[in-house]
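Given the structure of chain A, go ahead and fit chain B onto it with the hints provided.
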Amino acid sequence: MGTIACAQAPTPAGGPTLVVPNASQAWLRDYATAQAAAGPPQAGSPEGARLLIPSIKMADDIQTVSISAGLWDLASLHSEIGWLLTTGNRPGGDLAMAFVGHVTVAAGVRGPLTDLWKTSLGDEIIYRAGGTDYIYSIQAKYAVQPDDVQKLYVKDGQRLILVTCTDWNYVAGRYSERLLVQAELVRTQPSPGT
Amino acid sequence: MRKLISLALTLGLLAAAGVALWLDAGAVAASPLFAVTETPTASSTPRPTPTPSPTSTATPTATETATAGPRIGDPLISKVANLRQAGAGAALQYMIVVSNSNSSAFNNVVVTDTLPASFDMLSATTVQGTFLFVTDTRILTFTLGVMQPGQVITIIIQGRLNNKVQPPNPVKNVAIVCDDANHCAQSASAVTTIPGSLPVTGEGPGPNEILVMVLAALVSLVLLAALGLGGWRVWRRSTVRR
Numbered sequence: 001m002g003t004i005a006c007a008q009a010p011t012p013a014g015g016p017t018l019v020v021p022n023a024s025q026a027w028l029r030d031y032a033t034a035q036a037a038a039g040p041p042q043a044g045s046p047e048g049a050r051l052l053i054p055s056i057k058m059a060d061d062i063q064t065v066s067i068s069a070g071l072w073d074l075a076s077l078h079s080e081i082g083w084l085l086t087t088g089n090r091p092g093g094d095l096a097m098a099f100v101g102h103v104t105v106a107a108g109v110r111g112p113l114t115d116l117w118k119t120s121l122g123d124e125i126i127y128r129a130g131g132t133d134y135i136y137s138i139q140a141k142y143a144v145q146p147d148d149v150q151k152l153y154v155k156d157g158q159r160l161i162l163v164t165c166t167d168w169n170y171v172a173g174r175y176s177e178r179l180l181v182q183a184e185l186v187r188t189q190p191s192p193g194t
Numbered sequence: 001m002r003k004l005i006s007l008a009l010t011l012g013l014l015a016a017a018g019v020a021l022w023l024d025a026g027a028v029a030a031s032p033l034f035a036v037t038e039t040p041t042a043s044s045t046p047r048p049t050p051t052p053s054p055t056s057t058a059t060p061t062a063t064e065t066a067t068a069g070p071r072i073g074d075p076l077i078s079k080v081a082n083l084r085q086a087g088a089g090a091a092l093q094y095m096i097v098v099s100n101s102n103s104s105a106f107n108n109v110v111v112t113d114t115l116p117a118s119f120d121m122l123s124a125t126t127v128q129g130t131f132l133f134v135t136d137t138r139i140l141t142f143t144l145g146v147m148q149p150g151q152v153i154t155i156i157i158q159g160r161l162n163n164k165v166q167p168p169n170p171v172k173n174v175a176i177v178c179d180d181a182n183h184c185a186q187s188a189s190a191v192t193t194i195p196g197s198l199p200v201t202g203e204g205p206g207p208n209e210i211l212v213m214v215l216a217a218l219v220s221l222v223l224l225a226a227l228g229l230g231g232w233r234v235w236r237r238s239t240v241r242r
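These protein sequence lines map, in sequence, to chains A and B.
Under our numbering, think of the first position of the first sequence as 1, with each following residue one higher.
Under our numbering, think of the first position of the second sequence as 1, with each following residue one higher.
Bound conformation, chain A alone:
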């Protein structure tokens, strides 16, 4: 079948009007409405910001974890905290920001999130950027399977997610699960010294 030649009219200003007549497709209606309301993805990243967890005495700089060969590339991440590319890039954005940190940087050598499992609900996580402290309170902590990537994409810019490895498998010699900690923004304040 040959290509159908059509005069391709430009999309009207403001985008096409969405008409969703079928009530059973409510999820698409809601998504399309949200998509129309949301602007283009925000530029920038948390690169250069800082993450602090006072309850486990953790304070580290943030760097971007890019994607290479279809996987997040942690080759350059050691004792820093990594911001996962494609997740939320700022507090209050469309998506929650997701950060990763090593549980160990070598056999027997602690990483920045070695003690993440020791945190409790209500503990504070501080995201420090641009002279402002965004203070989050831990709301949930649970283990997930390594392929449960969608858990990182929370459509709530008021939330923040931390992920690290957990559940060392002595037989297989690797971590079989990932520990996810989800926190919610409770307040902001000027960073100390600003």
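Note that these hints are calculated values from the structure, not bench results.
Among these hints, one or two may not hold up.
Heads up, simulated DSS-like pairs for lysine-lysine below, C-alpha to C-alpha not over 30 Å straight-line [unchecked claim]:
id	chain 1	residue 1	chain 2	residue 2
1	A	Lys118	A	Lys57
2	A	Lys151	A	Lys141
3	A	Lys151	B	Lys172
4	A	Lys155	A	Lys118
5	A	Lys155	B	Lys164
6	A	Lys151	B	Lys164
7	A	Lys155	B	Lys172
The following block gives chain B in isolation, referenced to the frame of chain A:
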């Protein structure tokens, strides 16, 4: 003489009284002791409407041919995906909605959608018309026929992302609708691709895990030693009895 003087005085008094009466007329009217009901005066007679002055006739311009019937706009189309982020293996569903907001019909309406290489279509449905997918070109064509004024047609495409996704490059897709009078419109959707697994953040066992392994090794050694000692004693007794 006296008569003249008295006559003059009388006339003067009469004149003075007349003036006084004339001056007091207003005061008497305003005095509460003398309520005077004003009778309404007749309304003013309406002015005659002026005859309009003749306007100058405009210079006739070139005659415009009036279009017969209403103005035709393009059909409306929108395309959305059920996920904003998805990785290889994720089930993805597109919904295309085509509508005719005009007061006249669109004839021979066709929707074409060139599916991206990283999307494997599993099924497609449309409430009106038929569809055809050409594997070589990856062009999915919906032949919808006539769209009446106000009609809305919904198309669903279901599939799955395959290993050709290249995170974080988005999977883009454009659907185009046209009728036989070249009224066309298009709608694009983009799905951000994401890795298929969470990052590996452990470069080996932690201190606690190593401690567990060391303790387990020690316990194993002790057990082995105990078994060995016990076995040696059993053997020793058996040789002594002989």
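Hints, one by one, checked against the model:
no. : hint                : result
1   : A:Lys118 / A:Lys57  : 11 Å, holds
2   : A:Lys151 / A:Lys141 : 12 Å, holds
3   : A:Lys151 / B:Lys172 : 23 Å, holds
4   : A:Lys155 / A:Lys118 : 27 Å, holds
5   : A:Lys155 / B:Lys164 : 26 Å, holds
6   : A:Lys151 / B:Lys164 : 22 Å, holds
7   : A:Lys155 / B:Lys172 : 21 Å, holds
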